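Number of protein chains: 2
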Amino acid sequence: MAPRPVDAVIAAARGFLGDRLTTNAAMREQHAKGEDSSTPTLPDAVAFVETTEEASRLVALCHQHEVPVVAFGAGTSLEGHVNPVRGGISLDLSRMTAILEVNEQDMDCLIEPGVTRQQLNEHLRDKGMFFPVDPGSHCTIGGMVATRASGTNAVRYGTIRENTLGLEVVLADGRVIATGGRTRKAANGYDLTRLFIGSEGTLGIVTKVRLRLHGIPEAMSSAVVQFATLQGAVESVIQVMQMGIPVARIELLDDDMMAASIAYSKLEGYAPATTLFLKFHGSEAGVAEQAAMVEAITAEHGGTGFRWATDAAERNRLWKARHDSYWAGCAAKPGHKALTTDVCVPISRLAEALVGAKEEAKALGHFTCIVGHVGDGNFHQMVLYDPADPQGLERAWDMDRRIVERGLALGGTCSGEHGIGLGKREFLEREHGAEALAVMRGLKQTLDPKGILNPGKMFRN
Amino acid sequence: MAPRPVDAVIAAARGFLGDRLTTNAAMREQHAKGEDSSTPTLPDAVAFVETTEEASRLVALCHQHEVPVVAFGAGTSLEGHVNPVRGGISLDLSRMTAILEVNEQDMDCLIEPGVTRQQLNEHLRDKGMFFPVDPGSHCTIGGMVATRASGTNAVRYGTIRENTLGLEVVLADGRVIATGGRTRKAANGYDLTRLFIGSEGTLGIVTKVRLRLHGIPEAMSSAVVQFATLQGAVESVIQVMQMGIPVARIELLDDDMMAASIAYSKLEGYAPATTLFLKFHGSEAGVAEQAAMVEAITAEHGGTGFRWATDAAERNRLWKARHDSYWAGCAAKPGHKALTTDVCVPISRLAEALVGAKEEAKALGHFTCIVGHVGDGNFHQMVLYDPADPQGLERAWDMDRRIVERGLALGGTCSGEHGIGLGKREFLEREHGAEALAVMRGLKQTLDPKGILNPGKMFRN
Numbered sequence: 000m001a002p003r004p005v006d007a008v009i010a011a012a013r014g015f016l017g018d019r020l021t022t023n024a025a026m027r028e029q030h031a032k033g034e035d036s037s038t039p040t041l042p043d044a045v046a047f048v049e050t051t052e053e054a055s056r057l058v059a060l061c062h063q064h065e066v067p068v069v070a071f072g073a074g075t076s077l078e079g080h081v082n083p084v085r086g087g088i089s090l091d092l093s094r095m096t097a098i099l100e101v102n103e104q105d106m107d108c109l110i111e112p113g114v115t116r117q118q119l120n121e122h123l124r125d126k127g128m129f130f131p132v133d134p135g136s137h138c139t140i141g142g143m144v145a146t147r148a149s150g151t152n153a154v155r156y157g158t159i160r161e162n163t164l165g166l167e168v169v170l171a172d173g174r175v176i177a178t179g180g181r182t183r184k185a186a187n188g189y190d191l192t193r194l195f196i197g198s199e200g201t202l203g204i205v206t207k208v209r210l211r212l213h214g215i216p217e218a219m220s221s222a223v224v225q226f227a228t229l230q231g232a233v234e235s236v237i238q239v240m241q242m243g244i245p246v247a248r249i250e251l252l253d254d255d256m257m258a259a260s261i262a263y264s265k266l267e268g269y270a271p272a273t274t275l276f277l278k279f280h281g282s283e284a285g286v287a288e289q290a291a292m293v294e295a296i297t298a299e300h301g302g303t304g305f306r307w308a309t310d311a312a313e314r315n316r317l318w319k320a321r322h323d324s325y326w327a328g329c330a331a332k333p334g335h336k337a338l339t340t341d342v343c344v345p346i347s348r349l350a351e352a353l354v355g356a357k358e359e360a361k362a363l364g365h366f367t368c369i370v371g372h373v374g375d376g377n378f379h380q381m382v383l384y385d386p387a388d389p390q391g392l393e394r395a396w397d398m399d400r401r402i403v404e405r406g407l408a409l410g411g412t413c414s415g416e417h418g419i420g421l422g423k424r425e426f427l428e429r430e431h432g433a434e435a436l437a438v439m440r441g442l443k444q445t446l447d448p449k450g451i452l453n454p455g456k457m458f459r460n
Numbered sequence: 000m001a002p003r004p005v006d007a008v009i010a011a012a013r014g015f016l017g018d019r020l021t022t023n024a025a026m027r028e029q030h031a032k033g034e035d036s037s038t039p040t041l042p043d044a045v046a047f048v049e050t051t052e053e054a055s056r057l058v059a060l061c062h063q064h065e066v067p068v069v070a071f072g073a074g075t076s077l078e079g080h081v082n083p084v085r086g087g088i089s090l091d092l093s094r095m096t097a098i099l100e101v102n103e104q105d106m107d108c109l110i111e112p113g114v115t116r117q118q119l120n121e122h123l124r125d126k127g128m129f130f131p132v133d134p135g136s137h138c139t140i141g142g143m144v145a146t147r148a149s150g151t152n153a154v155r156y157g158t159i160r161e162n163t164l165g166l167e168v169v170l171a172d173g174r175v176i177a178t179g180g181r182t183r184k185a186a187n188g189y190d191l192t193r194l195f196i197g198s199e200g201t202l203g204i205v206t207k208v209r210l211r212l213h214g215i216p217e218a219m220s221s222a223v224v225q226f227a228t229l230q231g232a233v234e235s236v237i238q239v240m241q242m243g244i245p246v247a248r249i250e251l252l253d254d255d256m257m258a259a260s261i262a263y264s265k266l267e268g269y270a271p272a273t274t275l276f277l278k279f280h281g282s283e284a285g286v287a288e289q290a291a292m293v294e295a296i297t298a299e300h301g302g303t304g305f306r307w308a309t310d311a312a313e314r315n316r317l318w319k320a321r322h323d324s325y326w327a328g329c330a331a332k333p334g335h336k337a338l339t340t341d342v343c344v345p346i347s348r349l350a351e352a353l354v355g356a357k358e359e360a361k362a363l364g365h366f367t368c369i370v371g372h373v374g375d376g377n378f379h380q381m382v383l384y385d386p387a388d389p390q391g392l393e394r395a396w397d398m399d400r401r402i403v404e405r406g407l408a409l410g411g412t413c414s415g416e417h418g419i420g421l422g423k424r425e426f427l428e429r430e431h432g433a434e435a436l437a438v439m440r441g442l443k444q445t446l447d448p449k450g451i452l453n454p455g456k457m458f459r460n
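Protein chains in written order, with numbering that gives the first Met the number 0: chain A, 0 to 460; chain B, 0 to 460.
Just chain A, same shape as in the assembly:
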């Protein structure tokens, strides 16, 4: 058999990576997909790089031999990003975990891409600062940059897009560039930082990230309020946003998700009804004032049983339940798995999107439950399916598509925060139009002319 191009890469990369370049079957299995529902594909090899120089040399080799290279962090992608669908090298950055600089006066830091937000926040705690972007999972910050991640705090603090000052990126041919800088703003040329953020490993490999940090607020409190109708909850959210109340989080659980969470997380004393979880950051007086304003708004829209928790233990219990809602949803139907949608719509259309998708799912015999970053108009509708049913996953995908179609018809997007990856490629042209997609393809062609960077993702061919 003729030697494959990837064999030349493997042989050469062993020279500087040693046994950190592995073709071990178990390791390849672990890098065959993320937490998504895609069909696993084994990479030809997994490379655990520890420095920018190693990443650069490896990518240059892949470029020379035209071998695909797929960046891998914690493997928490929900859209197939890390699945090496065309084989090649899985470039694992999870060992690049150094926190290189923390600048307390400027409230920024420079980190390697394998750092997780938990690790970073652990490190920052005694400095009175935190990094707010919180997608919930134990993802790496490199992965968050790649997918333009956001999560629960985005309504107040923005997404990773707004909280990244600059990047170090290995280009497709192995050259290394620095983008952005240390200043809070700049009008100094094309915004390469934002070009790489959300590019899902298709334009370059991120090897350093400079992040904005925030001061830990003097006071934090949480609140929970329940509604007889989804409409009432959504109207409350709209008014909270319009009044400019700077809520740190405003999350919605629909009745089915709340029922699942009560069972899974032992949330006694709550009804299985549509629920808003809120978090307030500010001064002592400020959070009290915010809570009072939100209580008044929710009461106007039929909210009942408003509870305000300043006690840290109670607050943590509530937010742990919110964070565990994915597992609660799965547990609601034993033996089932979940496909998670990620539609985001203008907030004025949110009630319509939620109610419509929920009713359609019911009519088609699906059990779904919803959790939403509603301040941003983003919601995840979990479609449960039985993996033992040969049509189960396909039917769930069909339902997922219907939810997306409804979102698009309401002026929304197929992805608020999980990205395009494999699963949402069909919607990219629909959303942006053929000409804008051609511009995206042109950028891809310019930055990765041989098409080695995460091929098969974002674009359909």
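Heads up, a few of these hints could be off.
When chains are identical, the list treats them as one kind, so a pair holds in a single copy or across two.
As the list claims (entries may be wrong) - 20 Å max Cα-Cα, derived EDC-like pairs, lysine to aspartate or glutamate:
{"hint": "1", "residue 1": "LYS357", "residue 2": "ASP397"}
{"hint": "2", "residue 1": "LYS265", "residue 2": "GLU313"}
{"hint": "3", "residue 1": "LYS361", "residue 2": "GLU425"}
{"hint": "4", "residue 1": "LYS126", "residue 2": "GLU425"}
{"hint": "5", "residue 1": "LYS207", "residue 2": "GLU52"}
{"hint": "6", "residue 1": "LYS449", "residue 2": "GLU359"}
{"hint": "7", "residue 1": "LYS319", "residue 2": "GLU294"}
{"hint": "8", "residue 1": "LYS126", "residue 2": "GLU393"}
No lab work stands behind these hints, which were simulated from the structure alone.
Quick caveat: nothing in here was measured; it's all calculated off a predicted structure.
Keeping the supplied structure of chain A fixed, place chain B upon it in accordance with the hints.
Same frame as chain A, but now just chain B:
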């Protein structure tokens, strides 16, 4: 004489623009430069387009005949952006002033690029919303997009980058694309919106802008506090930022600028000393609390005479003085003109940057005065020069370069908000490095292969 390519464009464009395509000398003069100090260049013609279709047809003609096309809004650029250095067509978008949509529930709007922020805020006032990005001048929002503008409110509300949801852009060959969308966030492909923001008319012509809006706060107040030292003022700013006090504005005037403003704007009762102007947005209790916290912080750092103005007339008088500081600075030396720098540094280096630049200017015999968006580390040092002195402008440019060099050495950028244009091209490679600059050039080549869009700007050739 052989017909020039531009003549073919002019003849064809007259067909659909009529006398809105003009070669009138006075009109060409008006489009020969912005408010910058560049040497004027006459465009061959000025085209007042009124629709996207007209802009598209005109750009397509320029593409066909390889004629330069330079977008023009209000002509307030401070870096030579609108100077048609290679002739061609000045594409004037200032008549595209329609406010096409305002969505109160979603707090967004869709506007044409010739709308000014004053016009927009006038329109929004009775809807309880406002658009916060405020560069001070009567610029158009299209121009703000092109230069990645920011201004006094950026410390709290972000720059135009954070407040733009999407764009309509005419590409170099006349094709029209829409970028972004109506949702507050999205992870749906490459961030074309951010690619065009700050591209200074070199990648496409913006013909529509969708903006995020904000609720008018319940309460607003202003404060002024003075310092014996620049260091004390800057240390105060750093601490305000670290504590996360959500000041809407925090602006610094140095002693010379304050003296000039006292004289020009009749600010009785203030000392000609380093001064911070602050603005607070929030609830009644919130702004009082913010002001009290800031007063305590500034007192620790030697701030004296803290005055809190909730009265709208007094507040407006103060902020008018701040807005007029450019004219106050010019008036400080009758007959002089000013070159304005735009350095931005990490805030921890701000005192060093300011004190160093001020002392160097004095040592070299320049009169300079400083106004700064100090919460962002951005400051404008006005270098006054005598236009009658044949070396005056050149000496001012030399001083400008020294201020930039110092800023770069402190980890800063040559431009916080005015852009690169003509005046800052020499620094672009210095800031980003040859490889990153090559990526920028690659993007330019991809999107404008014939180099017709604002040629000679941003890059030196």
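Verification of the hints:
Taking the shortest Cα distances, LYS357 and ASP397 sit within 20 Å of each other inside one copy (14 Å), while across copies they are farther apart (66 Å). With identical chains, the CA atoms of LYS265 and GLU313 are at most 20 Å apart within one copy only, with a shortest distance of 12 Å there and 56 Å across copies. Proximity of LYS361 to GLU425 under the C-alpha cut-off of 20 Å is found in neither arrangement, the shortest distances being 25 Å within a copy and 62 Å between copies. With identical chains, the CA atoms of LYS126 and GLU425 are never at most 20 Å apart, being 45 Å at best within one copy and 39 Å at best between copies.
Taking the closest pair of Cα atoms, LYS207 and GLU52 come within 20 Å of each other only inside a single copy of the chain (12 Å); across copies the shortest separation is 43 Å, beyond that limit. For the homomeric pair LYS449 and GLU359, neither the shortest alpha-carbon distance inside one copy (43 Å) nor that between copies (51 Å) is at most 20 Å. In the homo-oligomer, the alpha carbons of LYS319 and GLU294 never lie at most 20 Å apart, since the shortest distance is 22 Å inside one protomer and 38 Å across protomers. When the C-alpha separation of LYS126 and GLU393 is checked against a cutoff of 20 Å, the pair qualifies neither within a copy, at 49 Å, nor between copies, at 47 Å.
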